[in-house]
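Student: Residue-level listing of the chains:
Number of protein chains: 6
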Amino acid sequence: MEKKLSHVTPAGAARMVDISAKNPTVREAIARGTVNMLPSTLELVKQNALKKGDVLAVARVAGIMAAKKVPDLIPLCHTLNIDSVTIDFKLNKSNIEITATAVSTGKTGVEMEALTAVSVAALTIYDMCKAAEKGITINGIYLESKTGGKSGTYQRKRP
Amino acid sequence: MEKKLSHVTPAGAARMVDISAKNPTVREAIARGTVNMLPSTLELVKQNALKKGDVLAVARVAGIMAAKKVPDLIPLCHTLNIDSVTIDFKLNKSNIEITATAVSTGKTGVEMEALTAVSVAALTIYDMCKAAEKGITINGIYLESKTGGKSGTYQRKRP
Amino acid sequence: MEKKLSHVTPAGAARMVDISAKNPTVREAIARGTVNMLPSTLELVKQNALKKGDVLAVARVAGIMAAKKVPDLIPLCHTLNIDSVTIDFKLNKSNIEITATAVSTGKTGVEMEALTAVSVAALTIYDMCKAAEKGITINGIYLESKTGGKSGTYQRKRP
Amino acid sequence: MEKKLSHVTPAGAARMVDISAKNPTVREAIARGTVNMLPSTLELVKQNALKKGDVLAVARVAGIMAAKKVPDLIPLCHTLNIDSVTIDFKLNKSNIEITATAVSTGKTGVEMEALTAVSVAALTIYDMCKAAEKGITINGIYLESKTGGKSGTYQRKRP
Amino acid sequence: MEKKLSHVTPAGAARMVDISAKNPTVREAIARGTVNMLPSTLELVKQNALKKGDVLAVARVAGIMAAKKVPDLIPLCHTLNIDSVTIDFKLNKSNIEITATAVSTGKTGVEMEALTAVSVAALTIYDMCKAAEKGITINGIYLESKTGGKSGTYQRKRP
Amino acid sequence: MEKKLSHVTPAGAARMVDISAKNPTVREAIARGTVNMLPSTLELVKQNALKKGDVLAVARVAGIMAAKKVPDLIPLCHTLNIDSVTIDFKLNKSNIEITATAVSTGKTGVEMEALTAVSVAALTIYDMCKAAEKGITINGIYLESKTGGKSGTYQRKRP
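Protein chains in written order, with numbering that gives the first Met the number 0: chain R, 0 to 158; chain U, 0 to 158; chain W, 0 to 158; chain C, 0 to 158; chain H, 0 to 158; chain Z, 0 to 158.
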């Protein structure tokens, strides 16, 4: 099977792919990403969480809102109505793992919504911790899985 | 020196840091990130570039526009007037390196603008290539350097 | 029946409620609010209206546009396609009563759209009259009624 | 002194007031508002807060972000760079009092930013509690005080 | 048949037309517009295109993104989910002809999406060429054709 | 003097021009445009205006708000703080002439703000009149004059 880019015409010009002939189905996408920081920086996030602080809540809200802004951020993405977005954080010793799950009933997938939610939640954590550590690094943003739509289920292979 | 989070009150609540007493200075920030993909996927991007295609142009525009949207994306970031944003791509065998440079004259830095430009350019490349490869991974988004402002110059240390 | 908050997980974290299993129905919501001002300030609004002025038209447009911005303003609200918004003003001696009616065909209600339309129309009236009176007060923003959806019809009880 | 509406021309047409000849000064505005609900609904908010839940954090973020969206919401408001926004909640027996403080250094005041922050924080509380009580009412949104600018200091009179 | 304005009430007030009773159909709209400039300015665009430059790609992206922003730009337009947008440029000796095609499956047409895509692509060309020629003029923005919906097919008559 | 495009690098890539070294000055731009329609359609607009209707007020608000959205619409435009926007309409027998004036104190001009205000006001008139006449055409959008900035005053030559 020949691989090709769907968002450009044969002449190479950008286009929004025509989905008018597709059928609406329930679609789900799960994306992951990691924010790496010094244990001492991560300790500040944990202390804030312990005293009912807002740091992770702000990052979660930022990620959820960013999923809704995808058509405004990613030029060739379709506008779609999202049924659900959830964002989970796992705090390890020197990193925070972010998982975002997006669900939609429509003619196009929600991979970009899940990936964007992870990215903006990660950027928000960077923003809130940058006074303590400028070297924080965002790593490994990828699609974990997707279901629904004509191309069916995708599950990322473990290395 | 005690490390702390600047975007939360002592009680842990989110706040936008008060910058009214700061002086405007010229500030610059450079951020980096990498999009890893199969050589066969990257070949599609290169072929599109060869025939004057839009793939990298779309990613560049998306990154520049995203830098301007930072106050709307990252909840506690200040609105600021950006003087300049540039985005460069380096196409290697199995990845695309993205570098974004943001400049502003103001009371707060442009680190988040540069990091967001890189992130959204990377997400746009993912979007335009995902029909060919869903396993594309975004890696190593970090601040390379910043200048200006009270905290002065920061240069990321090479490992 | 136990009352609970639908927008948080059992652990307390914010989430966008999953509506993927719900059926689309026609939904309507009516919201009300009042802007209280001095009779002399209200007289200015009336004089502007008499000479075909724009004050109430601007407030009406602001309210209608705000209804469309709800997913961008209220963090956990779903994106939805609004079928109709209308905004009416009743000018009394020392207040303006605002009524907004929103209609949508979808899986989630339009209460927030109607309430937000009223709120932003009220804020716009404040903005346009604040040079004359800074003490203007917005009062009594509430949901008058809603129809459609699984929870059915709601009608606010008169005191 | 004759009272008049500054946002309309003598002919009654809407206009954005020309501030090009004004000098930038530090300006602050404080606004207030109240969300009235049943004690049993407010108990749910308190329980969520007790277990480090996100309800008030989401409302706070929504209010802060809304302050930055004022030029996009209130048609004749100027774009301005906000130096700081903070939002405080006081939980009483049957209501939540919201106070928003906005600071800016510029040629126009931040009254609308503070009032809009209160309004959207209140709407967000409504949204998160509406599954428990649809009769929640938003009351008494007003400007508490402002400082800076040519018109100087304003302090709301206590009744 | 009496002609009338659909977006105002009999009393003359603005309203968003109620489309809740309409049936979704596939709808397409094609709009055109022309950007007139000196042959020497157009030569710069052609040279940029020859060396795989971004000028037309940026204008194309701007037009596509603007089509998605219509509900936020045109006050009484409905939010809708666009299935496809494409933008084509034809470079003549002293003008660039722009054609935009928008497709949607829904209860309201996409004329405004196609017309707005043309307008913003034209404005973007102006922006990118204005350092070379300030006298560039945008002309002849009109609807070429539409299909779908209750009013059926429209085809602009040739003069 | 050699003409060139300022928004692309020598290699042809899009960039936001660096204005960090420029000095802020007061700048003004005036733009014009015309909406051509049948006299019978224009009569509907006049009748609406006669009964204090909202048609022209909605178009005026749309134009003013669009001027504030320029950085979000035109990819390489800088964010700037607008001091003033006014929009005037002149109703002739078979067309409406639109004039927009934008003022800003800053490091970059407001030509795009004035041109965009005219364009979106024109599109809004189209939207509100399209039920009566689909053949309405927008013509002659151009910059009438600009003052301020290093390039100084520009005045369009009369043909």
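Treat the hints with caution; some may be incorrect.
[To be verified] Beta-carbon label-pair distances, calculated as ranges:
1) R:A130 x C:D17: 31 to 41 Å
2) H:E132 x Z:K21: 42 to 52 Å
3) U:D17 x Z:D17: 52 to 62 Å
[Stated by the list, open to error] In silico BS3-like cross-links for lysine-lysine, where the CA-CA straight-line distance does not exceed 30 Å:
4) W:K68 x U:K68
5) U:K21 x U:K2
6) W:K133 x C:K2
[As the list claims (entries may be wrong)] Where chain U lies over chain Z, by a calculated footprint (3+ residues, C-beta under 8 Å):
7) 12 to 20
8) 114 to 123
It is worth saying that the hints were derived from the structure and are not from the lab. Even for Gly, the Cβ is constructed at its ideal location relative to N, Cα and C.
Student: All the hints need checking, so say for each whether the structure fits it.
Tutor: Here's how the hints hold up against the structure:
no.	hint	in the structure
1	R:A130 x C:D17: 31 to 41 Å	holds (39 Å)
2	H:E132 x Z:K21: 42 to 52 Å	violated (21 Å)
3	U:D17 x Z:D17: 52 to 62 Å	violated (29 Å)
4	W:K68 x U:K68	holds (16 Å)
5	U:K21 x U:K2	holds (21 Å)
6	W:K133 x C:K2	holds (12 Å)
7	12 to 20	holds (count 8)
8	114 to 123	violated (count 0)
When held up to the earlier numbered hints, the structure conflicts with 2, 3, 8 and fits the remainder.
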